[in-house]
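S.K.: Next come the chains, spelled out residue by residue.
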Amino acid sequence: MDVIQISDLRGRPRAPRPEEVNLNFSEKAVRELEQLLNHYPDKKSAILPCLWIAQREYGGYLPSEAIAEVALRLDRSYAEIEGVATFYTMYHVGHPTGKHLIEVCTCLSCHLCGAYRLADHIKSKLGIDWGETTPDGMFTIEEVECLDACDRAPVLQISDQYYGPVDDKTVDAILEKLKSETSPSTVRLADEIVQAQLHKRDQEKVSGN
Amino acid sequence: MAAAANEPQSVILTINDIEIEVPRGELIVESVKRIGLEIPIFCYHSRMKPVGMCRMCLVDVGFKQPDGSVRMMPKPQAGCTLPADNNMVVYTDTEKVRRDRKGVLEFLLINHPLDCPICDRGGECPLQNNTIFYGPSTTRYVEIKRHLPKAFPLSKYVTLDLERCIQCGRCVRFTEEISGDSQLAFRFRGAMMQPSTFELTDFESRFSGNVIEICPVGALTSAEYRFRARPWDLQTKPSICLECSNGCNTWFDYRVASLVRINGRTNEAVNEEWTCDKGKFGQNYLNSPDRLTEVFVRDGDKLIESNWATAFQQVSVAFQSAGSKCAALVGGKASNEDIFMLKRLFTEAFGSNNLDHRWTRCLPKSDALYRVATSIADFENEPVIFVFGNNIAEEQPILFLRIRKAWFRNDAKVIVACPEACEADTFAHTSLRYRPGTEAVLLGAIHRAATGAGGVDIAEASSITGVGEEAIRRAADAMKSGFALAASRSLLDLRNGEHVVGALSNLTIACNSSEKYNLFATSANEEGARQIEFMPSAEGKNTREILEACASGEMKALWLLECDPLSLSHDNELVTKALETVEFLVVQNHIKSECVQFASVLLPACAFSEKDGTYTNLERRVQRIKPIIAAKGSAKPAWKSFGELLLRMKGDPPPFHAHEVMQLIAASHQKFQSAIYENLEGEGVVIPANQSTEPQAVDVEYTAMEVPSNTP
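Chains P and R are the protein sequences, given in the same order. Residues 26 to 234 in the numbering used here are what the first sequence lists, from first letter to last. Residues 82 to 793 in the numbering used here are what the second sequence lists, from first letter to last.
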């Protein structure tokens with residue numbers, strides 16, 4: 026987990042002034058956000074879905090500009106948005122994740138079915154440890170709690186897809202297949218969550234039908 | 082709703098077998114204080130919403146059953162989130178509660194570094210205190226503690242020590258609920274939860290010092306005070322702050338003869354318990370080597386060290402020969418006593434009436450324009466507040482907190498008109514950002530929109546001021562049935578200041594709110610000087626005329642008390658010329674200022690921490706200060722030196738103590754009669770306003786004024 030670096034002390038930065046923040050949401054994202062805001066009594070309630078929009082718009086993670094943009098669009102303070110984003114593990118704050126996020130369930134059933142052995146295999150194959158990203162920016166591996174798929178243990182979630190039960194061979198095949206897939210699945214996951222947040226009626230409005 | 086209205090407003094509950102009656106909905110943590118008990122707390126703060134984060138306030142709770150038995154809840158409840166109700170039975174000191182508290186403290190101490198010997202908070206730390214009384218004496222935790230960086234500077238003033246944090250959220254809630262800047266928030270979760278700013282950027286707040294005081298451990302410490310003293314080595318005396326006109330109450334912590342730190346002191350009527358950063362960290366001038374400690378008299382080109390007798394000799398000769406061609410100007414940090422005695426010296430011994438305390442560009446004669454009707458505490462209950470002019474958070478930070486509280490607690494509609502972005506915009510009902518110089522036009526438009534007559538055309542005003550028509554109408558709509566005005570006398574620094582203030586007065590009269598018109602003083606004792614009438618009477622000269630007369634050589638002698646005209650006046654050219662030209666210049670101040678170079682006689686005065694006296698804040702609250710540290714060098718309270726001079730020149734017996742001066746003030750100014758020193762303990766005394774007739778509408782030119790484009 027990210028902790029404060031003492032070396033950060035020199036040349037203390039200040040938070041960007043509103044006029045210094047670049048707004049990077051696409052037109053579609055702005056429309057989606059407008060629709061989402063209709064769901065709630067105030068803007069504060071829309072922080073979580075708006076962070077998902079931001080995670081999609083900023084390529085699968087939340088750089089500080091994304092936090093600032095969400096804060097401005099929702100009239101909240103930067104610190105509050107950052108606090109919310111860092112609380113939830115599915116938002117990736119600060120550093121980019123790989124295009125494909127491999128989440129290995131290591132809870133009881135998966136553990137008994139060899140989740141850690143499987144994880145070791147993936148880690149040695151990709152040459153990374155928990156929370157790290159391959160140098161080519163393709164994969165990030167994370168350990169997660171129960172994925173609610175014990176019948177398929179050991180189970181992996183790769184962005185928006187569950188895979189299980191898996192063994193070394195099937196994992197190798199999955200990774201090979203993903204390598205050829207250039208569009209980041211983390212962005213797809215964020216988009217799917219945003220779409221799920223929007224009611225169907227809203228989606229029609231957003232797409233202009 | 083009808084049922085709720087019929088319910089009694091108070092409830093009866095039993096605490097530790099004592100039956101008490103408390104208001105409905107009062108939190109248990111407050112109710113127990115009524116019978117002299119206390120529940121240990123960390124996260125609870127009476128001025129902020131309860132959150133129940135620390136679990137320290139656990140109590141045993143049960144309810145009386147219809148058959149007379151008491152059914153206890155199986156688990157302890159947090160007293161800070163539990164509202165009192167009928168038939169409630171609370172035990173604060175059972176074996177079970179004691180065990181639970183011990184458990185909570187053991188958890189809180191798991192990751193606490195226990196570096197108390199080098200912690201600033203040691204000795205005044207709620208965590209230490211609660212551990213002594215309620216905590217375990219040993220720890221069962223032998224694993225490695227959480228390690229996080231220590232001494233992280235959150236800002237110039239606040240240093241964060243994350244290891245010590247017990248995650249109570251007081252600081253986070255303060256920035257969210259009280260100061261409103263929301264600079265702090267919790268990052269991460271669980272044991273790694275850390276209060277911090279966005280991306281660890283600078284903690285920019287006008288009120289950041291308060292989080293140091295409300296932190297129940299040593300996690301937030303003052304960068305300035307860090308490692309400078311142990312709390313038990315400090316001596317603490319009550320004082321007040323003179324950095325602006327609010328008159329905040331403070332604790333003055335000192336060691337030997339120097340100030341170590343300032344803390345907020347509770348005065349519900351003034352600052353509640355808060356301080357602004359200017360008041361908390363801006364008082365170091367008291368320890369400055371630039372303090373004026375000796376008497377100096379001019380000898381040719383240089384000032385040579387001298388004594389009071391020589392200085393008095395020269396002063397009395399010079400002022401007596403000047404006759405009525407002498408004048409006195411005071412600044413904001415002179416006490417009521419100083420001002421009164423200076424006035425007496427001038428009117429009785431020198432026979433001059435050229436006295437003034439006002440430094441603004443416009444000096445309207447009408448006393449009604451200067452009136453202040455609403456007290457600081459009253460703002461809390463005002464439904465509509467109109468904040469006009471400069472950034473109120475900068476000019477009157479603590480009044481700003483009250484106005485924000487009115488919005489936060491009571492949903493007040495706050496209309497903010499300010500030429501630049503300001504903090505009050507964040508909670509404004511309507512924010513009117515006008516072009517500088519168009520104040521009068523904007524007020525004219527609001528006047529027209531609210532009353533349908535008078536003022537100026539709204540569409541025209543909208544194009545001149547740059548404020549949308551709809552915003553003007555929206556503001557006028559909220560204000561037309563009455564509002565409280567919060568504006569400051571710095572508006573009189575505008576070139577058409579008199580018209581702007583007149584327009585404000587007209588607007589309040591038109592909206593039936595003339596009894597809520599407030600034009601607040603901007604410096605510590607400006608209101609006091611006004612109440613003592615340290616102003617020219619009919620034949621006397623005002624500030625501008627005095628300076629002009631000095632510059633032309635007509636005025637022979639000038640006395641400057643606690644002021645630096647070069648920083649106070651808008652016209653530095655005139656001031657420089659006046660100070661250069663005037664034959665005899667007395668500068669009496671507690672600190673060296675730029676105008677010292679022109680002085681003929683330089684008299685050292687005591688700062689507020691070194692003298693006895695009273696100050697009148699913006700709501701006319703007279704508050705007492707007592708001497709805390711010894712006077713520096715041969716400095717003496719200014720009122721004392723005036724008394725001595727009166728003795729020399731007229732043979733009047735001088736007052737020996739400040740309370741005698743206050744009696745003299747009360748004798749000549751009726752309204753000060755309630756402010757004699759016996760009455761000033763505690764919250765101070767608000768003296769009555771001037772008896773003035775019904776305020777009349779004044780003629781106002783609702784025109785814009787060209788502002789030179791190079792003004793910042």
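Please note that a few of the clues may not be correct.
Here are the computed lysine-lysine pairs in the DSBU-like style, where the Cα-Cα straight-line distance is at most 30 Å [unchecked claim]:
no.: 1; chain 1: P; residue 1: Lys69; chain 2: R; residue 2: Lys318
no.: 2; chain 1: P; residue 1: Lys69; chain 2: R; residue 2: Lys486
no.: 3; chain 1: R; residue 1: Lys713; chain 2: R; residue 2: Lys359
no.: 4; chain 1: P; residue 1: Lys68; chain 2: R; residue 2: Lys130
no.: 5; chain 1: R; residue 1: Lys486; chain 2: P; residue 2: Lys68
no.: 6; chain 1: R; residue 1: Lys713; chain 2: R; residue 2: Lys318
Incomplete in silico selection of chain P near chain R, CB under 7 Å [to be verified]:
no.: 7; residue: Pro38
no.: 8; residue: Ala40
no.: 9; residue: Phe50
no.: 10; residue: Lys69
no.: 11; residue: Ser70
no.: 12; residue: Ala104
no.: 13; residue: Thr111
Read the hints as simulated data drawn from the structure, not as lab findings. Just so you know, even glycine gets a beta-carbon here, dropped at the ideal spot from N, CA and C.
S.K.: Can you confirm whether the C-alpha distance between R/Lys486 and P/Lys68 stays at or below 30 Å?
M.R.: holds (21 Å)
S.K.: Let me know if the C-beta of P/Phe50 comes in closer than 7 Å to any C-beta of chain R, holds or violated.
M.R.: P/Phe50 check fails; min Cβ-Cβ to chain R is 19 Å, beyond 7 Å.
S.K.: Take the shortest C-beta to C-beta distance between P/Ser70 and chain R; is it under 7 Å?
M.R.: violated (16 Å)
S.K.: Would you settle whether the hint for P/Ala104 is holds or violated, based on the nearest Cβ-Cβ distance to chain R being less than 7 Å?
M.R.: Because about 4 Å separates P/Ala104 from the closest Cβ in chain R, which is inside the 7 Å limit, the hint holds.
S.K.: Is the hint on P/Lys69 kept, meaning its closest Cβ partner in chain R is under 7 Å away?
M.R.: violated (11 Å)
S.K.: Have a go at the P/Pro38 hint: is there a Cβ in chain R nearer than 7 Å to its own Cβ?
M.R.: holds (5 Å)
S.K.: Checking one constraint from the list: CA of R/Lys713 to CA of R/Lys359, max 30 Å. Satisfied?
M.R.: holds (24 Å)
S.K.: Should the hint that P/Ala40 touches chain R count as held when the rule is a Cβ pair under 7 Å?
M.R.: Nearest chain R Cβ about 4 Å off; hint holds.
S.K.: Given the proposed pairing of R/Lys713 with R/Lys318, does the C-alpha separation stay at or below 30 Å?
M.R.: holds (18 Å)
S.K.: Just to be careful, I want the Cα atoms of P/Lys68 and R/Lys130 compared with a cutoff of 30 Å; is the pair within it?
M.R.: Given that 30 Å is the threshold and the Cα spacing comes to 21 Å, the pair holds.
S.K.: Does the structure keep P/Lys69 and R/Lys318 at a Cα separation of 30 Å or less?
M.R.: violated (44 Å)
S.K.: With 7 Å as the cut and Cβ atoms as the points, is P/Thr111 at the interface with chain R?
M.R.: Hint on P/Thr111: holds, closest Cβ of chain R at ~4 Å, below 7 Å.
Violated hints, listed in ascending order, are 1, 9, 10, 11; each of the other numbered hints is respected by the structure.
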